[in-house]
Amino acid sequence: MSEYRGGAQARTALARRHRVRAWEPLPWIVALGFFFAFPKHLGFGTEVLVTILFALSLDLVLGYAGIVTLGHAAFFGVGAYTVGMLAKHGLWNEPLTSLALAGIVGAAVGLGSGLVLLRTRGLTLLMLTLCTMALLEEAGNLAHTWTGGFDGLDSLPIAPLLGRFEFSPLYPTTQYLYVLVVLFLCFVFVRTLVYSPFGQSLTGIRENILRMPAVGAPVPRRLAVCYTLSAGIAGIAGGIWAQANAYVNLGTLGLDRAATVLIMLALGGRGRLYGAFVGAIAYMVLSHFLSKIYPTAWQLGLGLLLVVIALFAHNGILGLGETVWRRLRVSRPLNMGAPQHRTPNPPL
Amino acid sequence: MTAPLLETRALTRNFGALLATREVDFRLDAGARHALIGPNGAGKTTLVNLLAGVISPTRGQVLLKGRDITGVGQAERVKLGIARTFQINRLFRGLSVLENVYIAVAERMGVAPSMFRPAGRRTDVVNESMHLLDTLRLTADAGRRVSELPYGRQRLVELAIALALSPEVLLLDEPAAGVPSAESHIILDAIDRLPPEIAVLIIDHDMDLVFRFAQRITVMVSGAVFASGTPREIGADPEVRAVYLGQTARG
Amino acid sequence: MLLGGIAAGMILFIVSVGLSVTMGLMGFVNLAHGGFAMLGGYAIVLAMKHWGLGFVTALAFGFLATAAASVVLERLLYARLYRATELDQVLFTIGLVFIMIASLTLRFGPENQPLTLPRALQGQIDLGFVQYRTYSLVLIVTGIAIVVALWLGFERTRLGAQIRAAVDNRRMAESLGINIARLFTITFALGSGMAALGGGLGAEFLGLDPQYALKYLVYFLIVVAVGGLGRVTGVFFAALLIGVLDFVLKKYLPQGGPMFIYAVTIVLLLWRPQGLFGGKAA
Ligand SMILES: Nc1ncnc2c1ncn2[C@@H]1O[C@H](COP(=O)(O)OP(=O)(O)OP(=O)(O)O)[C@@H](O)[C@H]1O
Ligand SMILES: [Mg+2]
Chain A
85 MSEYRGGAQA RTALARRHRV RAWEPLPWIV ALGFFFAFPK HLGFGTEVLV
135 TILFALSLDL VLGYAGIVTL GHAAFFGVGA YTVGMLAKHG LWNEPLTSLA
185 LAGIVGAAVG LGSGLVLLRT RGLTLLMLTL CTMALLEEAG NLAHTWTGGF
235 DGLDSLPIAP LLGRFEFSPL YPTTQYLYVL VVLFLCFVFV RTLVYSPFGQ
285 SLTGIRENIL RMPAVGAPVP RRLAVCYTLS AGIAGIAGGI WAQANAYVNL
335 GTLGLDRAAT VLIMLALGGR GRLYGAFVGA IAYMVLSHFL SKIYPTAWQL
385 GLGLLLVVIA LFAHNGILGL GETVWRRLRV SRPLNMGAPQ HRTPNPPL
Chain B
4 MTAPLLETRA LTRNFGALLA TREVDFRLDA GARHALIGPN GAGKTTLVNL
54 LAGVISPTRG QVLLKGRDIT GVGQAERVKL GIARTFQINR LFRGLSVLEN
104 VYIAVAERMG VAPSMFRPAG RRTDVVNESM HLLDTLRLTA DAGRRVSELP
154 YGRQRLVELA IALALSPEVL LLDEPAAGVP SAESHIILDA IDRLPPEIAV
204 LIIDHDMDLV FRFAQRITVM VSGAVFASGT PREIGADPEV RAVYLGQTAR
254 G
Chain C
93 MLLGGIAAGM ILFIVSVGLS VTMGLMGFVN LAHGGFAMLG GYAIVLAMKH
143 WGLGFVTALA FGFLATAAAS VVLERLLYAR LYRATELDQV LFTIGLVFIM
193 IASLTLRFGP ENQPLTLPRA LQGQIDLGFV QYRTYSLVLI VTGIAIVVAL
243 WLGFERTRLG AQIRAAVDNR RMAESLGINI ARLFTITFAL GSGMAALGGG
293 LGAEFLGLDP QYALKYLVYF LIVVAVGGLG RVTGVFFAAL LIGVLDFVLK
343 KYLPQGGPMF IYAVTIVLLL WRPQGLFGGK AA
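Residue numbers (this note's numbering), protein chains in the order written: chain A, 85 to 432; chain B, 4 to 254; chain C, 93 to 374.
No wet-lab data here; the hints were simulated from the structure.
The structure presented is a predicted model; accordingly, all values stated were derived computationally and were not measured.
Every residue gets a Cβ at the ideal spot worked out from N, C-alpha and C, and that includes glycine.
Each hint should be verified, as a subset may be incorrect.
[Unchecked claim] Far from chain B by the CB rule (all over 12 Å, computed), these chain A residues:
(1) L246
(2) L254
(3) V265
[Unchecked claim] FRET-style restraints, in silico, Cβ to Cβ:
(4) B:L21 - C:W243: 22 to 32 Å
(5) C:M264 - B:E236: 34 to 44 Å
(6) C:R364 - B:T73: 17 to 27 Å
Just chain A, with the same shape it has in the complex (with noise of 0.2 Å):
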């Protein structure tokens, strides 16, 4: 390859990459054409996207910054809680300022942690997003005259949306719309952002965060601008998941949540963005057939799975697809932005 040429190419891959490509559309085409060919599904429907949702949130944090956590449910939880007790409790019930304040709330939530518990590494940041979760969990349970302590809030008076479109539990077609569209906004953001020079930044605090200081990079102010733009969008997350389905509970603040997030974005391909669809789908719709019929079979597939991809597959189903891709075609330019390699942990 000629010095030139080289030059260029990398050049233009780095000027291009934000361009929407051009099977973007697709997701958005299949999940308009879910709605159409399977009305009797979109209760489940309704769930997977906001599952996308919440897995797209952690993505920005864990694909991009590269920072692991056992926690991210905590701002899940708080999201649904706050348009749930403010319905409960008929303070307020106007969906999408509810849902603006769940967002906030989350927000604020990863902005006070994240700025204490950022400045730690390893096991001991693993522990305190673990423990900041488990003890919002217990406080859920203590407050509760405020949450309804273990069986949460049910039936909730979400008002209709726009003043018009009813939130039905047995059809949720508003739901549908209403969480596709929401996902769309949150997702268009989260694109924006990882292309940006911010995003490029976080990438560096993913691949060398040892280094980002010495060329002058504020990690931890930077850390925490991400980790509370991703609480956020968490929290709008659960606060959707509470208004669509009209009840909150402590399952949206619990270790499970968090686990099972983490392994849907690890299964679809970390630091990809398209990984939290992948994930979030071919999980729940695996879930959806299997668990219920042969649970402890499940549970073996998925901790097999779960072996396979650690040990083979680090950037999971779509760095797979990336791969195969590569080998049809062989000169394609660098996908740039995306992990490819497992980063080994850097020398002391």
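Fit chains B and C with the ligands to the given chain A structure using the hints.
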């Protein structure tokens, strides 16, 4: 006599019982070509870490242009013009060479916090990154992932990231370490071509390089400055020859 | 009365100490450690039930069987991930836990496997002024014996010195000619064996069902995080602290107990991120 660009006063750092840096008074002048030598474990890297703000001293001060920066953190010191490279590569291994440099340039230009414009559209950052890669003859590799490059080229990226910060002070910790000798000329050429206005402190074990490159040499032994002077003075100093040059000088 | 808490602390210690040493040594986030305790517990309880082994023999059997199984896993799988990212380690070990849980459920069902203590350990001991549960006392004595043995092992034996050196500075230890891979395998086996002992000894009041591996994992991790990586005595005191705290809180503050423990853990970890007794100090 002008004030030194970077100066330390009685700088001391211990790790537990080990005195890694003891009472070091060191000065680096503007535009200097200064070499820091000493046997393994002498405390050279520790001194660079103290100058760059990676670790803080147990006692003593670091001054930049007469201003006390002892309490200033690593990232802020970069903004004040101090950049460094690492003895063992610290690169963004999964990213392309261009992205590696982009991250540093964006940081220096204050672009990095920007969230809503695509990174590729910041032509100012891209152009400057490409220009820098050009001067280091890395253009052909710009699109390649760093982890795929031969080690010598990776060392060059290490240097490129530091240069992308437009430093006034450049601290090079064994820039050619680990590079096969067939490739090391790439690094040495690049160092020879560094802009003259940058003050360079270089640590190296290669005496040919040190004596050819440096206008001033500081010798460290067991954490303390053992001798300091022009290459001629250091080369003629019998004690230095005894403790250090005699053991490691090649040929 | 505190005795129950201290006894629980001993169990926490016996299970967690292996986790602390292996994580400190290898830097591996091993969420499957509780799974080894569970496997060991099953081996012990079932060996007693089906083969009629005595309690002590069964404990020895559980230790050996689990240690052997862990060596196989370590050599075949764990070793491939020592240099991998934290996330891959987390995913791998969660996967392993799922596999363990599912396998045990498939083979032995989801129910609790009751441990029948030998007659001599049942009942109460009368110390004149108070009565204590015999088994609690036995646990405490065992725990103290183990911490002393481990401490001596760490301080006095070659292996212990090598482990300490490698925890503090891996590269230095390697340059001293210590065979790190072998050290990892041995430590991992010992740690898993210890976990198995804890699983068996604690089965009487922690229960033993396939969910064990996840149910108590957070507690084990808290003990390790608070005690410090690779610190035997640190883990001992952390386990006592958490065990007693948990016991007392369950009694006097049944509602807010866990919350208090999480809060204490968060504060401790923020105050000393390396753990109460961690850090690189000599
Ligand atoms: N973070 C640390 N903790 C404990 N000891 C340290 C630390 N960093 C350095 N040391 C010790 O300080 C001493 C000086 O180390 P330093 O890396 O500064 O030496 P050096 O002169 O750069 O050696 P080399 O030529 O091998 O690079 C060594 O004994 C080293 O083991
Ligand atoms: Mg050095």
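Verification of the supplied hints:
no.: 1; hint: L246; result: holds, 27 Å
no.: 2; hint: L254; result: holds, 41 Å
no.: 3; hint: V265; result: holds, 21 Å
no.: 4; hint: B:L21 - C:W243: 22 to 32 Å; result: holds, 26 Å
no.: 5; hint: C:M264 - B:E236: 34 to 44 Å; result: holds, 36 Å
no.: 6; hint: C:R364 - B:T73: 17 to 27 Å; result: holds, 25 Å
Consistency note: the structure conflicts with none of the earlier hints.
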